[in-house]
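Given only the sequences and the hints, what does the whole structure look like? Please build it.
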Amino acid sequence: MSIVSLEQLCKTYEVGAFSVPALQGMDLTIQGGQYIAIMGPSGSGKSTLLNLLGCLDRPTQGRYWLGDQDVSTLDDNALSMIRGARIGFIFQSYNLIAQLNVIENIEVPMFYQGMSESKSEKRARELAEMVGLADRVRHKPSELSGGQQQRVAIARALANDPLIILADEPTGNLDTRSGSEILSLLDRLNRQGKTLIVVTHDEHVAARAERVIHLLDGRIDREERNGRRPQQNEGQG
Amino acid sequence: MHGLRSILTTLGIVFGVCSVIAMLAIGEGASREAQAQIAQLGSQNIIIKTVKPPEGQEASGQGNTSLVYGLTYEDAERFRNTIPDVEVIVPIRRLNQTAWYRNRKAAVEVIGTVPWHPEIAPIRLVSGRFLSSVDLNHQQSVCVIDELLMQSLFVLDDPLGQDLKIAGQYYRVIGIVSSPGPVEVNPGFGSNGSSANSNGGGVVGNVYIPLTSVKGRFGETVVQFNGSNQQIEKVELQEITIKVKSTDRVMATRDILEGLLDRSHKKKDYQVILPLELLRQAARTKRIFSIVLGSIAAISLLVGGIGIMNIMLATVSERTREIGIRRALGAKRRDIIVQFLSETVMLALTGGILGMILGSLIPFLVTYFSKMPTVVTANSLVLSFGISGAIGIVFGLYPAYRAAHMDPIESLRHE
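Residue numbers (this note's numbering), protein chains in the order written: chain U, 3 to 239; chain E, 1016 to 1430.
Among the hints, a few may not be true.
If you want the footprint, here are the derived chain U segments under chain E, 3+ residues with CB under 8 Å [stated by the list, open to error]: (1) 79–85; (2) 104–115; (3) 135–147.
Source of the hints: derived by calculation from the structure; they are not laboratory data. Positions of the beta carbon are idealized from the N, C-alpha and C atoms, including for glycine.
Right, dumping it as structure tokens:
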């Protein structure tokens, strides 16, 4: 069963008297454990696709299956639950909450799913350790470097063990070395079986993925497949 | 939240709550004092006082003038025979005199009265006995003094059995009563704070003497000399107090009384005082006071609430990004509303508590410095706390709603 299945997905924005078709009849299937990169020039529909995949927006037409659920026509409350439980976000500018420390930031998604304080704190510590920040758990984001903040964001994205991880230019604000660390971390997550979808315009980032989908004018223009190290569930040349 | 900003935001609520509690306390204190004083006069009592009639009835100019006015024994008799629902009738004669004990003297008010006087006045027997019918019938030279007089004139000696000398006559002290509180309602004004004395002079205490004895010893005539003119005034009784059987009969009885007096007195040389009516007026005044206060407080709390809403709207705007992040991480609209609403309620309640503390302190200071009684009621505290919370909810609802309904995608792009 596929993790993500898009059927003729369309999104049209009404701007004043005009209709702007951002996505036009997109079909896409992603299997569990795959590492996908989405590239394309501005206006190609990257952001729109990202918002739809992340359940931050609803399609005008078409179907979006996430796991075993059709999320195309859910209401705001249901979409919020899906976002919290099944999707992990990683943003270009980290988007940590400044008043909270590392542990508290990682706990946020768990809080909204109603997890108890003790359980969420325990899990947050485990995740902090997994991304290498066990010694900085009480720090606030302002006391961390860019790379460290992004690692907190990754830990946070994993908090509720989501179906997919959605990353928007994860290394966009980082220097080469930190960026490389983050990409290695993402590789590791993928090797452990996590489905990754990364939107980027950086070819080095896209090179890490096994499928690179190029968008143009709201459609899939072409798809490349990279040779990758063989994995547990999907070995492909 | 920023500390200073929070404090400034809640100032409106703090002042609103503080002023409500302080003003209500001052009002409550004044009202209770007024009501206690009036209640001492007896809500079942009708007090009729002799009043010097307005000028115009006497011959002016030179020569002697003589004036007879006021309540008479005949009046008291007439009341006793005609008016139903009466429990007791107490006719009273008052004069200011100087009383001597050994070589000490004091200014006193002599109250010529009857044995059942304690039924209409808030005095109670401390030792000895009060005047009796025998004393009254035989015009005995006995007296009952009050505690204030005992303290200043007799000091450590036991007054019982001793003699007081007043206007050349000796009166044996047969009893001691408590002093009534600082009451005497001045016609047309309200209560004054001086000790029990209808004339308001610096009188130390009261001496109760049988009415018949007073009449016999002091007469009823007062002579005053104005240069070569003589003014003679004759007054039989200064006061008649009637105790009605129950408070619902008071008004009706007063009407009958006034009818009788009107017919039998040529001039308006009397005044009828109804403590019951005064009490009701006092209650009415307090109600009006409370309504006015309540309105002022409502306005100030409204202003405070608007201030809070204003600040919360700004706060929500500043935290647009954060709201977008939380929504992306799974927060429902309801979660966002709860988050911001509880912040607002916390602010409002904190302001309310601060206001309550300040509001309780101020009446305390007022009483300490001005001796005015104040009463901080539990009601006002609970009410203020509840209203602060309500203000927090009402004025926090809109900003929280705004926050919850922001588009997550837009919010994430913000700033």
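Which hint numbers doesn't this structure obey? Violated hint (a single one): 3; every other hint is consistent with the structure.
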